[in-house]
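Next come the chains, spelled out residue by residue.
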Amino acid sequence: MINQLSWKVGGQQGEGIESTGEIFSIALNRLGYYLYGYRHFSSRIKGGHTNNKIRVSTTETRSIADDLDILVAFDQETIDVNYKELNKTGIIIADAKFKPVKPDDSGAALYVIPFTEMAADLGTSLMKNMVAVGASSAVLGLDIHVFNEVVEEIFGRKGAQIVQKNLEAIREGYDYMKALLGNNLGTLQLAKADGQKRLFMIGNDAIALGALAGGCRFMAAYPITPASEIMEYLIKKLPPLGGTVIQTEDEIAACTMVIGANYAGVRALTASAGPGLSLKMEAIGLSGITETPLVIVDTQRGGPSTGLPTKQEQSDLMAMIYGTHGEIPKIVMAPSTVEEAFYDTAEAFNLAEEYQCPVIILSDLQLSLGKQTVHPLQFDKVEIRRGKLVTDPIPEAVDKSYFKRYEVTEDGISPRVLPGTKNGIFHVTGVEHDETGKPSEVASNRKQQMDKRMRKTKNIRFDTPVHKNCKHDDSDLLIVGFNSTRGVIEEAMDRLEQEGIKVNHAHVRLIHPFPSAEMLPLVSNAKKVVVIENNATGQLANILKMNVGHADKITSILKYDGNPFLPHNVHTECKELFEYGNI
Amino acid sequence: MATFKEFRNNVKPNWCPGCGDFSVQAAIQRAAANVGLEPEGLAIVSGIGCSGRISGYINSYGFHGIHGRCLPIAQGVKMANRDLTVIASGGDGDGFAIGMGHTVHAIRRNIDITYIVMDNQIYGLTKGQTSPRSAAGFKTKSTPQGSIEPALSPMEMALTAGATFVAQSFSTDLKELTAIIEAGIKHKGFSLINVFSPCVTYNKVNTYDWFKENLTKLGSIENYDPSSREMAMQTLMAHNSLVTGIIYQDPQRKSYQELIPGYGETPLAHSELQLDQDHFDKLAAEFM
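Chains as they are written, first to last, in full-length UniProt numbering: chain A, 1 to 583; chain B, 1 to 288.
Bound-form chain B, shown alone (with noise of 0.2 Å):
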């Protein structure tokens, strides 16, 4: 069995010192390792912005696409082979922005796939502006006066799109992100995992101290019942959205894939291509 060194390759991320991403990098590999996959098993499906070069920085099938695309790439790669374990990941501003359109959707859809979002806020890559997710107030070279436009908050839109799994972490809490990414792949369906990775070159506000400060572990919430959908909205709404750990999962829904009449146990990349005459015949006498 692979151990997470295994799912280490020799490229040097480039990142800047101290980003949140390389924590996000290491609980993916761990956790991979924890959930007994084989590097081969696994494709990263990764969006444009510094976080999604993730892609190339791990020792599995990596696809690093187009800006705010990762979503329905990743969902490609399950619908044709539903034996890889498929993890998509991107920045705030892929997500969440230019690519909102597709994680709503596919949280409605509930394929078996894993989205981790690298949430820093901010558009780091293009060198500082502002990203759905900064507060208003927010100071960017794109809003110099302050943003004029609320922050969004990713957990709440998902409950309201049926989500079947909703988690959130913080990069420097390496044990219980991991365990968060490994219940993320487990999850028969959709799971959304937004993580807090910091920006320590353009985000000044949302640092780690910040965030030290302000999140709140759903842990230490007395009773806390994460099969309650209602229950993590309140939570949600009453902590700004600042918590972390696994804010709503419902086991029961099955998957997209499950739900499909007709389809297969075999991958459909493996299935066979071709037709037999006396099918081709059939399907043509539909035409007389």
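Isolated chain A (complex conformation) (with noise of 0.2 Å):
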């Protein structure tokens, strides 16, 4: 019995790989497993290899692993492309139809099933995923009845025979692997798990569902990957509360349409990924300057241009913090875990409306896509706050003078009104203005305005603006990261620790402005730091070498070549610069 394995399964695009990852994951979640999914795709619909990989524990897992346990193939690219991955007690469970070769090199035992023929004996080929779900399911020792609920929930509207079929297709997958394993069960069966339910989601689900928490009941959005499923759950779910997405003619167009909703007074959200944000920047700038709340999504992938569309990087960093010209207030925030992504959605429409400025969600494809479990969320802890929105009548003015809308205060923040309220009227302009919002380019003006806005942020309240796991005073490394490397930080962390070397870690969350008196005191009392990011010019180093000086001792770790950091990338890579000491 074992507590954790991974398991991965490959073929052609389109052939039903992410519905067998689906459907298996589903079970082993609902079992009580903790899973954690990684998927491998192409900017394709059909053809191109895919995979999707998935570790399951019987404890919380929050990265991939760095080998593989068991390999289903509908191909033979699968095995060629994944074999080596395999550990020492790895298997392969392939499709008798391609011929299966195992490569001279690879120490997996290979074991053949006909998942085709079996799957159109019992009416379609198409069920071939269910027969190796079925056959995966033996070699962990599942108890396959838990199916019966899940085919149901997945199959149950195309009618009884299909879910008939499907669970059948099951059964005789899990009997033909049995069959093959004999009385030698292997060493892959899988320790109980607890039994209890969990939410098993991607990290766009919790952003999505975390809007609808926060009050937002409008997005404008175009389609884009890794950002799409956060616009496709929200049409589903907001016309029951009144509210709706409209699908925009283009990334401007989402942009500028949420603005105007905000500023008529609807939480309003628009999401997209890098080529998006391009587009939107102009439009972000307005939001600046204009004051009007905006919350945009921005989950990364391979940039620049059209990039790796479908892979994982953190490259949007410092477009996020300085994009669109000119200088605005900005708040860019990146959660490190679903969780944080559910309360940070939700608290971001609070700080858009608070700070009366553009607030940028900051996602990573592995944030956004990666299917994991999450721990329950806490809906009382959502609170809607919206700043110094003005909800009382206006008194008539005597002179016909316009609101000050952008009246200089203390804290740089002033007064809101919705358009619609009596005695409320200003003007709304991106040229610069006075304080109802006419055009002004008097310099005193432009001084006072500018600094007026500037200083909105300058204080900002922030709940754990750095996810710190420090337990030491004085460490030999820190270890800074952002978004989805937080799994992996963990994992290299506790190796590193086993092997003595006293590790502090710290998740960066708000981006922008930048958390200094958090992370100065964590960089001055570590020996070196290390910064994990998935760029090649190491933009968060950058920014904390620029926020907290101590260039000396900080140095990169970068991947970019479109796939995650595995947790070995990162232990061997820091145990080499803290032994050979080249930082």
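Be a bit skeptical, because a hint or two may be false.
[Unchecked claim] Within a straight-line C-alpha distance of at most 30 Å, the following computed DSS-like cross-link-like pairs (lysine-lysine) qualify:
no.: 1; chain 1: B; residue 1: K254; chain 2: A; residue 2: K236
no.: 2; chain 1: A; residue 1: K400; chain 2: B; residue 2: K254
no.: 3; chain 1: A; residue 1: K236; chain 2: B; residue 2: K212
no.: 4; chain 1: B; residue 1: K5; chain 2: A; residue 2: K422
no.: 5; chain 1: A; residue 1: K400; chain 2: B; residue 2: K5
no.: 6; chain 1: A; residue 1: K237; chain 2: B; residue 2: K212
no.: 7; chain 1: A; residue 1: K197; chain 2: A; residue 2: K178
no.: 8; chain 1: B; residue 1: K12; chain 2: A; residue 2: K400
no.: 9; chain 1: B; residue 1: K212; chain 2: B; residue 2: K127
no.: 10; chain 1: A; residue 1: K422; chain 2: B; residue 2: K12
no.: 11; chain 1: A; residue 1: K422; chain 2: B; residue 2: K188
The hints are simulated quantities; they were obtained by calculation from the structure and are not laboratory data. It should be emphasised that the depicted structure is a prediction, and the values quoted were computed from it without experimental measurement.
Given two chains presented individually in distinct reference frames, assemble the corresponding complex, making use of the accompanying hints.
Laid out in structure tokens, this is it:
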């Protein structure tokens, strides 16, 4: 009996690889296992190798495993591309249809099962993935009754017969594999899980749910990988709340429409990835100078231009902080877990209204799309705060003058009135303006308004701007990261600690304004600092150096080949840096 | 009830003396009063250019956005608060060059807003370059040998894009223009109103006199039927689009907001922000 393993299914895109992984993992989730998934896919619909790797564990797991225990192959390419990942006791379960060949240097056991043929005999070869799911369940020693419920949920609307056939396919795959294993059940029998029901979701689900909980009632967006799930979820869930999603003609329309909607008083969202954010930049500046709340999600993917649209990267950091011409106050937050993606998205709407500025929720492809077990989301933790929104009646002005929407105040934040309010008329313009919003080029006014805007976020209130796992007052090594690398860093950190290295971990959750006060002591008290990021230029490392200094002891571990870090990447590279001291 | 004077504010427009935009400003103020609006119930969203300043010259909620984007901003405002009367406005460069993508899709989408284009066939604020509305051969700073691109017909374009209200007017005809804007505001759906609004400083071809000579009132065409899309298109083609009046109106088609499933009568901006715990629990349970 083992407590954790990694399973991967691969084949040609469009062959049902995704749904194979989906059904298997939903069943594992129901049994109470902790899961962490990774999808390898290409920017095309049919064809091309795709795979879905799932880590299954009886305890919490937050990263992809270094190696692989079970590889389910629907084509030879899957074996050829992935067999080296298999560990010593790893096995391959392959469809007989493509006459699988095990590479000479592979030590894995190969089990050949006629997935396609068995499925075809049951009615349709489409069910080959169910046969594979059944076979996998036999290897793990799962109770396949769990599939009764799962298959019913997924195929129930297609009729009882389809449900029955799919269950039979699972059963046949299970029996076939059991027969192949015989008395030798192998080393991959998984210890029983606790049977607890847990949330199983992707970051984009959590972002969308967080938006609903945070009062978002309108979204405008343009489809893009890896952000589209957010609009697809909200278009299903907003109508019962009176709201809706508009799929706009382009990214600029999405952003400006959301600015218009926020101006008029609804909590509105747009979401995109790098290419979309590039197009939204001018509008982000409009939100900044007009002090109109705006919430934008950026699910980072490989850039620049179209880049690696279906691959992991964290290279939008600088663009999100500094993008848009001119200077505006802006908040850039970077949730590091799916749970934080939920809470942070809900909170983003509060911050946008309180500070009356654009708020960017930075995610990355692995956080947005990696399906994983999630702790219960505590709805009662979600607050609605609307800042200086004027809700009381406004007395009539004596001289027909406009409402001072941009009144210069101590904290820089001015009272905000929604259109439709009697005696609240003011003007909004992207031109520099006076306190009532009328265009003004007067130098003293320009300075006053610029200072007012920029001081709004100076003392920003943000709960836990840095997630800290810092046991040591003085550490040998401080590891810094953001977004989806948290789990990998935690796992690498455990290994480094076991080897006697004193490691602290800081995951930056508020990227801008940068939490210098939180980070400075951690950096000061570390012998060495390593920043882990999925980009080529060490953007977070540069931001860290710029804000807290200590450039001489800060170095980077970078990965920009499109794949997420594995724990051993971080572990071995940190160790090398530590042992050879080449920092 | 508010009179047109209540839609005036104390801001002096920075338009050139004689600019056609002054009349458009007056016509909007009159139309707003005539249809019974109060200043706070009107939101004017404008683009960038001389004409884009109009949102600051009318006593109502005004939003002067970025170049070419007044339509998505205006649609966002209307989506958030359907009780507001929303007018989008800007110049021909704003709406038919940089913002053309939004224009076509706003027409298709048919959200209940009124879009008034002040069409002077030139870029004025940047001091005289060609516009998509400039005729072939038109000499400007950016086309010193004369434009080699033909002018666009926004009216024909609107008909092919599925418009439900298409009208054109001339800034000197305050009576007709006011009536058309009123009709546009009352129309349940997207209304496009193109107004010939001469630039007295940079356009020495399409002058007030030129328009007087070349424009035909649809009212003067016998049996003109604005409910016929086919007749509208034929008339535009026959007159090189130089007609004024309501060119086409489809009062039957429902506006975007009327077609959204579940979209309530209460403006979204006034809706409850808090979910109830049960509702949230149900949503979360779908992920188990």
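Now for the hints, and whether the structure bears them out:
1. Note on K254 (chain B) and K236 (chain A): the hinted pairing holds, with a Cα-Cα distance of about 22 Å set against a maximum of 30 Å.
2. With a C-alpha separation of about 38 Å, the suggested pairing of K400 (chain A) with K254 (chain B) is violated against the 30 Å cut-off.
3. About 54 Å separates the Cα atoms of K236 (chain A) and K212 (chain B), which puts this hinted pair outside 30 Å; it is violated.
4. Among the hinted pairs, K5 (chain B) with K422 (chain A) is consistent with the structure: their alpha-carbon atoms are about 17 Å apart, no more than 30 Å.
5. For the hint linking K400 (chain A) to K5 (chain B), the alpha-carbon distance of about 12 Å falls within 30 Å, and the restraint holds.
6. For the hint pairing K237 (chain A) with K212 (chain B), the CA-to-CA distance comes to about 55 Å; that exceeds 30 Å, so the pair is violated.
7. Between K197 (chain A) and K178 (chain A) the alpha-carbon distance is near 28 Å, which keeps this suggested pair within the 30 Å criterion.
8. Restraint check: the Cα-Cα separation between K12 (chain B) and K400 (chain A) comes to about 14 Å, which is no more than 30 Å; the hinted pair holds.
9. Between K212 (chain B) and K127 (chain B), the direct Cα distance comes to roughly 25 Å. Compliance with the 30 Å bound is thereby established for this hinted pair.
10. Distance check on the hinted pair: K422 (chain A) and K12 (chain B) sit about 23 Å apart at the alpha-carbon level, within 30 Å; holds.
11. Restraint check for K422 (chain A) and K188 (chain B): satisfied, since their Cα atoms lie roughly 25 Å apart, inside the 30 Å limit.
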